[in-house]
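Here are the chains, one letter per residue:
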Amino acid sequence: ETGVTQTPRHLVMGMTNKKSLKCEQHLGHNAMYWYKQSAKKPLELMFVYNFKEQTENNSVPSRFSPECPNSSHLFLHLHTLQPEDSALYLCASSQGYRGQGNTIYFGEGSWLTVV
Amino acid sequence: KQEVTQIPAALSVPEGENLVLNCSFTDSAIYNLQWFRQDPGKGLTSLLLIQSSQREQTSGRLNASLDKSSGRSTLYIAASQPGDSATYLCAVKGNTPLVFGKGTRLSVIA
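Protein sequence lines, in the order shown, are assigned to chains Z and L.
Offset between the first sequence (1-based) and our numbering: plus 10.
Offset between the second sequence (1-based) and our numbering: plus 1243.
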C-alpha cells in the first residue's frame, strides 16, 4: 500500500466509449502525475499537476483529458481512444514537483484495453 | 534531452547468486536517481533513492551506487532469491519529472 489508489484496476472500452480513470492520494502531496506504460517502452510522462495546476502536458493527444479538482484527486478522462492506447496507466504523487529529494509514490495502475 | 539506458534488458540467475544491474544516463545534471521494482501487472515500488551528492545507498540486500560524472548507476543485489524476480527500473530526476529507463527483467531460478 503506497498511499496512492487507482480505480478501476482494469478497463475494457470500445473506441467510441467515454470512460475515466481515477487516482487518489492520501499522502498530503502537492504534485500528481499520469504516466503511460506500454510494452517494451519506457514509462512516458503524460501530465503533471502541481497545486492543482497543470504544469506539464507531454504532447498528449486531446483524446486524453486530465482533471485535478484538488491536490488529492486526479482523473484521466478518455474518449474516442485507439487500440494503440491500450497500456498500463500509472498515477503517482510527490511532495514537490521540481528540485531534489522528492520521492515519488506510484499507484498500482489501471490496465486499459481498447477494442 | 535526458535519456536513460538499462543493461541488460533481461537477466536470469540461479538462486543465491550476487548480481549487478546497470543504468546509464546522458545528462549528469541530476538531483537524484531512484531504483524501482515492478512486479507483473503492478505499480512501481521505490527501492532506493540516491541524492546527487551521495555515492551509494543501502537497504538490506540491495546496494545502489551513483557516479554522476560518468552518468552511471548500479544496483547490486546480494544472495538473490526467487522473490527478487521482477522488473527493476532506474529513473533520474533533474529539474523536470523523472525520466525512466526501459528496465531490466530479472528472473531468479530456485
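Treat the hints with care, since some could be wrong.
Computed list of lysine-lysine pairs in DSS-like fashion (alpha-carbon distance at most 27 Å, straight line) [what the hints assert, rightly or not]: (1) Lys29/Z - Lys46/Z; (2) Lys32/Z - Lys1311/L; (3) Lys1345/L - Lys46/Z; (4) Lys1311/L - Lys62/Z; (5) Lys1345/L - Lys28/Z; (6) Lys1244/L - Lys32/Z; (7) Lys1244/L - Lys29/Z.
Examples of chain Z residues lying across from chain L (beta carbon under 7 Å, computed) [unchecked claim]: (8) Val22; (9) Glu34; (10) Leu55; (11) Met56.
The set of hints was computed from the structure by calculation and includes no laboratory data.
A quick note: this is a predicted structure, and the numbers were derived from the prediction, not measured.
Yeah, the Cβ is synthetic: ideal placement off N, Cα and C, and Gly gets one too.
Hints, one by one, checked against the model:
At most 27 Å may separate the alpha-carbon atoms for a hinted pair to count; Lys29/Z and Lys46/Z meet this at roughly 16 Å. Restraint check for Lys32/Z and Lys1311/L: not satisfied, since their Cα atoms lie roughly 37 Å apart, outside the 27 Å limit. Among the hinted pairs, Lys1345/L with Lys46/Z is consistent with the structure: their alpha-carbon atoms are about 12 Å apart, no more than 27 Å. The hinted pair formed by Lys1311/L and Lys62/Z fails the criterion: a straight-line CA distance of about 33 Å is larger than 27 Å.
A hinted pair counts as satisfied when its Cα atoms are at most 27 Å apart, and Lys1345/L with Lys28/Z does not qualify at roughly 30 Å. Using a Cα cut-off of 27 Å, the hinted pair Lys1244/L and Lys32/Z is violated, with the two alpha carbons roughly 30 Å apart. A C-alpha spacing of about 33 Å is found between Lys1244/L and Lys29/Z, which places the hinted pair above 27 Å, so the restraint is violated. At about 15 Å, the closest approach between the beta carbon of Val22/Z and any beta carbon in chain L exceeds 7 Å, and the interface hint on this residue is violated.
Because the smallest distance between the Cβ of Glu34/Z and any Cβ of chain L comes to about 14 Å, over 7 Å, the interface hint for this residue is violated. Hint status for Leu55/Z: holds, given a least beta-carbon distance of 5 Å to chain L, under 7 Å. Violation of the interface hint for Met56/Z is found here, the shortest Cβ-Cβ separation to chain L being roughly 10 Å, above the 7 Å cut-off.
Checked against the numbered hints above, the structure breaks hints 2, 4, 5, 6, 7, 8, 9 and 11 and satisfies the rest.
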